[in-house]
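> Going line by line, the protein sequences match chains D and V. The numbering of the first sequence is the working numbering, which starts it at 1 and goes up by one. The numbering of the second sequence is the working numbering, which starts it at 1 and goes up by one.
Keep in mind that the hints were calculated from the coordinates and are not lab data. There could be a bad hint or two in this list.
To be verified - Over the 12 Å line for every Cβ pair with chain V, so calculated as not near, a few chain D residues:
id: 1; residue: S14
id: 2; residue: W120
id: 3; residue: S139
id: 4; residue: D159
To be verified - In silico SDA-like cross-links for lysine to any residue, where the CA-CA straight-line distance does not exceed 20 Å:
id: 5; chain 1: D; residue 1: K130; chain 2: D; residue 2: G83
id: 6; chain 1: V; residue 1: K81; chain 2: V; residue 2: T99
id: 7; chain 1: D; residue 1: K127; chain 2: D; residue 2: D155
id: 8; chain 1: D; residue 1: K127; chain 2: V; residue 2: P154
id: 9; chain 1: D; residue 1: K130; chain 2: V; residue 2: E78
id: 10; chain 1: D; residue 1: K86; chain 2: D; residue 2: M1
id: 11; chain 1: D; residue 1: K86; chain 2: D; residue 2: A151
id: 12; chain 1: V; residue 1: K81; chain 2: V; residue 2: R66
id: 13; chain 1: V; residue 1: K81; chain 2: V; residue 2: G156
id: 14; chain 1: D; residue 1: K86; chain 2: V; residue 2: P154
id: 15; chain 1: D; residue 1: K127; chain 2: V; residue 2: G157
id: 16; chain 1: V; residue 1: K111; chain 2: V; residue 2: L153
id: 17; chain 1: D; residue 1: K130; chain 2: V; residue 2: P154
id: 18; chain 1: V; residue 1: K47; chain 2: V; residue 2: T10
id: 19; chain 1: V; residue 1: K81; chain 2: V; residue 2: Q53
id: 20; chain 1: D; residue 1: K127; chain 2: V; residue 2: G156
id: 21; chain 1: D; residue 1: K127; chain 2: V; residue 2: L153
id: 22; chain 1: V; residue 1: K47; chain 2: V; residue 2: D103
id: 23; chain 1: V; residue 1: K111; chain 2: V; residue 2: G157
id: 24; chain 1: D; residue 1: K127; chain 2: V; residue 2: R60
id: 25; chain 1: V; residue 1: K111; chain 2: V; residue 2: L166
id: 26; chain 1: D; residue 1: K86; chain 2: D; residue 2: P53
id: 27; chain 1: D; residue 1: K127; chain 2: V; residue 2: A67
id: 28; chain 1: V; residue 1: K47; chain 2: V; residue 2: A67
id: 29; chain 1: V; residue 1: K81; chain 2: V; residue 2: A67
id: 30; chain 1: D; residue 1: K127; chain 2: V; residue 2: L166
id: 31; chain 1: V; residue 1: K47; chain 2: V; residue 2: T99
id: 32; chain 1: D; residue 1: K130; chain 2: V; residue 2: L153
id: 33; chain 1: D; residue 1: K130; chain 2: V; residue 2: G156
id: 34; chain 1: D; residue 1: K127; chain 2: D; residue 2: E154
Stated by the list, open to error - Label-pair distances were calculated between CB atoms; the ranges are:
id: 35; chain 1: V; residue 1: R60; chain 2: D; residue 2: L10; range: 18 to 28 Å
id: 36; chain 1: V; residue 1: P62; chain 2: D; residue 2: P160; range: 45 to 55 Å
id: 37; chain 1: V; residue 1: E55; chain 2: D; residue 2: D62; range: 30 to 40 Å
id: 38; chain 1: D; residue 1: G38; chain 2: V; residue 2: V16; range: 51 to 61 Å
id: 39; chain 1: D; residue 1: D152; chain 2: V; residue 2: D49; range: 57 to 67 Å
id: 40; chain 1: V; residue 1: P152; chain 2: D; residue 2: G38; range: 46 to 56 Å
Idealized CB from N, CA, C, for every residue including glycine.
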Amino acid sequence: MRILGISGSLRRGSHNRRLLRAAAALLPPGSELVEWDGLRELPAFDQDLEEAPPPSVRDFFDAIEDADALLISTPEYNSSLPGALKNALDWASRPFPDNVLRYKPAAVIGASTGLFGAVWSQAEVRKTLKASGAHVLESELPVGMADSAFADGEDALADPMLAERLSDLLGDLVREVTAPVELR
Amino acid sequence: MSTITALAGTYTSDPVHSSFGFSVVYQGVSVFRGTLDDVAATFADGKLDGTAQVESISIRTPEQFRAHVMSPDFFDVENHKTVTFSSSDVQLGEDGTATVNGDLTIRGVTKPVTATGTWQPASVDAFGNTRAHLHLETTIDRTEFGLNWNAPLPNGGNALANDVTLAVDIALLQQG
């Protein structure tokens with residue numbers, strides 16, 4: 001099983017990219033996480049380009065189609081999701097309803113340097129994914145105080161409880177692919 | 001045992017070995033702990049007075065987090081630089097328990113509080129100082145002091161609890 005990992009943060013040393021790598025290590029056997037790194041290449045969404053999307057957008061669509069599920073790790077900017085991530089999801093939502101996100105199993109996790117671990121941003125991403133027709137897990141994984149949330153020098157969560165929650169969430173995502181509860 | 005004979009004379013806090021800690025539940029499950037590091041206290045003739053500098057809070061990074069805690073949503077440090085305490089009554093029991101009543105001022109709002117804990121009688125330390133210790137805890141409702149910030153969590157409940165537990169450790173050195 002192929003899970004496409006999308007980090008909503010572009011910066012080098014992104015906590016959310018580390019979180020995706022922590023997730024990759026916790027995936028059940030038979031699953032692999034492939035990181036998508038085309039976020040910065042996407043132009044601003046323009047409905048005039050929808051019929052013939054630019055190559056970077058087409059590559060993004062292909063990456064989603066090639067994946068069995070999506071795992072999005074988002075930071076929180078001003079109590080919401082980053083504009084670049086929203087832009088990517090807006091592209092992927094078109095043309096509606098026969099878009100690449102339709103029925104795609106997806107889970108959202110997030111890390112922030114504050115106390116609350118991008119919990120509001122994760123809710124916004126879930127909302128956007130649901131509106132686009134994706135099959136989104138309700139569970140969330142807020143990783144707060146991200147500067148000290150990872151084990152020294154490793155892409156692994158330092159808190160075993162948090163790592164267990166991430167592991168459970170990934171198990172749920174894999175089950176969503178193999179045995180979907182319902183098809184919305 | 002009266003307070004005066006229990007810790008007779010004047011003591012001042014040893015800043016290196018004293019701390020003013022706080023803890024608050026966030027997201028309904030986790031506990032966040034911090035300290036105000038710059039604390040000065042005196043214990044003289046049975047009365048405890050203390051001042052902690054808000055700027056010395058242990059939240060230093062990330063910058064936005066510190067700025068938020070310093071803002072009018074929380075401490076409003078521009079207008080209120082200190083947290084102060086002044087006791088009205090200090091009971092130091094023979095069993096090592098301590099009960100302190102007094103006025104706590106945070107953000108310019110003064111409320112009576114009762115803190116309980118333990119104390120260690122004075123003894124001579126390794127450097128020849130006469131040293132005692134006071135450990136006190138109490139729980140306050142931060143909103144009573146105007147630290148009102150909160151936000152609803154996406155799945156219900158509030159981001160930050162109103163109850164904040166304060167835990168103060170004061171290492172006291174006898175003066176003169």
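> Confirm or reject each hint.
These are the hints, each one checked on the structure:
Consistency note on S14 of chain D: stated as away from chain V, and its beta-carbon is indeed over 12 Å from all of that chain's, at 14 Å minimum. A cut-off of 12 Å between C-beta atoms contradicts the statement that W120 of chain D is not in contact with chain V; the least separation is 6 Å. Interface exclusion of S139 of chain D from chain V breaks down, the closest Cβ pair being 10 Å apart, not more than 12 Å. Not every CB of chain V is more than 12 Å from the CB of D159 of chain D (nearest about 10 Å), against its label as outside the interface.
Straight-line distance between C-alpha atoms of K130 of chain D and G83 of chain D comes to about 18 Å, which keeps the hinted pair within the 20 Å bound. Of the supplied pair hints, the one linking K81 of chain V and T99 of chain V is violated, its CA atoms being roughly 27 Å apart against a limit of 20 Å. Pair hint K127 of chain D plus D155 of chain D does not hold up; C-alpha atoms about 28 Å apart against a cutoff of 20 Å. About 11 Å separates the Cα atoms of K127 of chain D and P154 of chain V, which keeps this hinted pair within 20 Å; it holds.
Proposed proximity of K130 of chain D and E78 of chain V is contradicted: the alpha carbons are some 44 Å apart, above 20 Å. Annotation: proposed proximity of K86 of chain D to M1 of chain D is violated, straight-line Cα distance about 26 Å (limit 20 Å). The suggested pairing of K86 of chain D with A151 of chain D is violated, with an alpha-carbon distance near 30 Å, which exceeds 20 Å. At most 20 Å may separate the alpha-carbon atoms for a hinted pair to count; K81 of chain V and R66 of chain V meet this at roughly 15 Å.
Proposed proximity of K81 of chain V and G156 of chain V is contradicted: the alpha carbons are some 34 Å apart, above 20 Å. Restraint check for K86 of chain D and P154 of chain V: satisfied, since their Cα atoms lie roughly 18 Å apart, inside the 20 Å limit. Distance check on the hinted pair: K127 of chain D and G157 of chain V sit about 19 Å apart at the alpha-carbon level, within 20 Å; holds. A C-alpha spacing of about 30 Å is found between K111 of chain V and L153 of chain V, which places the hinted pair above 20 Å, so the restraint is violated.
For a cut-off of 20 Å, the pair hint linking K130 of chain D to P154 of chain V stands: about 15 Å separates their Cα positions. Distance hint between K47 of chain V and T10 of chain V is fulfilled; the C-alpha atoms sit about 9 Å from each other, no more than 20 Å. Our distance criterion of 20 Å between C-alpha atoms is met by K81 of chain V and Q53 of chain V, whose separation comes to about 6 Å. Taking the CA atoms of K127 of chain D and G156 of chain V, the gap is about 15 Å. The hint holds against a cut of 20 Å.
With a CA separation close to 14 Å, the supplied pair K127 of chain D and L153 of chain V stays within the 20 Å bound. This hinted pair checks out: K47 of chain V and D103 of chain V have alpha carbons roughly 12 Å apart, not beyond 20 Å. For a cut-off of 20 Å, the pair hint linking K111 of chain V to G157 of chain V is broken: about 27 Å separates their Cα positions. Between K127 of chain D and R60 of chain V the CA atoms are separated by roughly 33 Å; this puts the pair beyond 20 Å, and the hint is violated.
Using a Cα cut-off of 20 Å, the hinted pair K111 of chain V and L166 of chain V holds, with the two alpha carbons roughly 14 Å apart. At most 20 Å may separate the alpha-carbon atoms for a hinted pair to count; K86 of chain D and P53 of chain D meet this at roughly 17 Å. Among the hinted pairs, K127 of chain D with A67 of chain V is inconsistent with the structure: their alpha-carbon atoms are about 29 Å apart, more than 20 Å. The suggested pairing of K47 of chain V with A67 of chain V is violated, with an alpha-carbon distance near 35 Å, which exceeds 20 Å.
Restraint check: the Cα-Cα separation between K81 of chain V and A67 of chain V comes to about 14 Å, which is no more than 20 Å; the hinted pair holds. Of the pairs offered as hints, the one joining K127 of chain D and L166 of chain V is violated, with about 38 Å between alpha carbons and a cut-off of 20 Å exceeded. As the CA atoms of K47 of chain V and T99 of chain V are separated by approximately 12 Å, the hinted pair is consistent with the 20 Å bound. Under the criterion of a C-alpha separation no larger than 20 Å, the hint pairing K130 of chain D with L153 of chain V is consistent with the structure, at around 19 Å.
At roughly 19 Å between alpha-carbon atoms, K130 of chain D and G156 of chain V fall within 20 Å of each other, so this suggested pair holds. Taking the CA atoms of K127 of chain D and E154 of chain D, the gap is about 31 Å. The hint is violated against a cut of 20 Å. A C-beta distance of roughly 26 Å is found between R60 of chain V and L10 of chain D, which places it inside the suggested range of 18 to 28 Å. Hint check: P62 of chain V to P160 of chain D, Cβ distance near 24 Å, so the stated range 45 to 55 Å is violated.
Hint check: E55 of chain V to D62 of chain D, Cβ distance near 53 Å, so the stated range 30 to 40 Å is violated. Between G38 of chain D and V16 of chain V the beta carbons are some 53 Å apart, a value that agrees with the proposed interval 51 to 61 Å. About 42 Å separates the C-beta atoms of D152 of chain D and D49 of chain V, a value inconsistent with the hinted range of 57 to 67 Å. Between P152 of chain V and G38 of chain D the C-beta distance comes to about 34 Å, which lies outside the given range of 46 to 56 Å.
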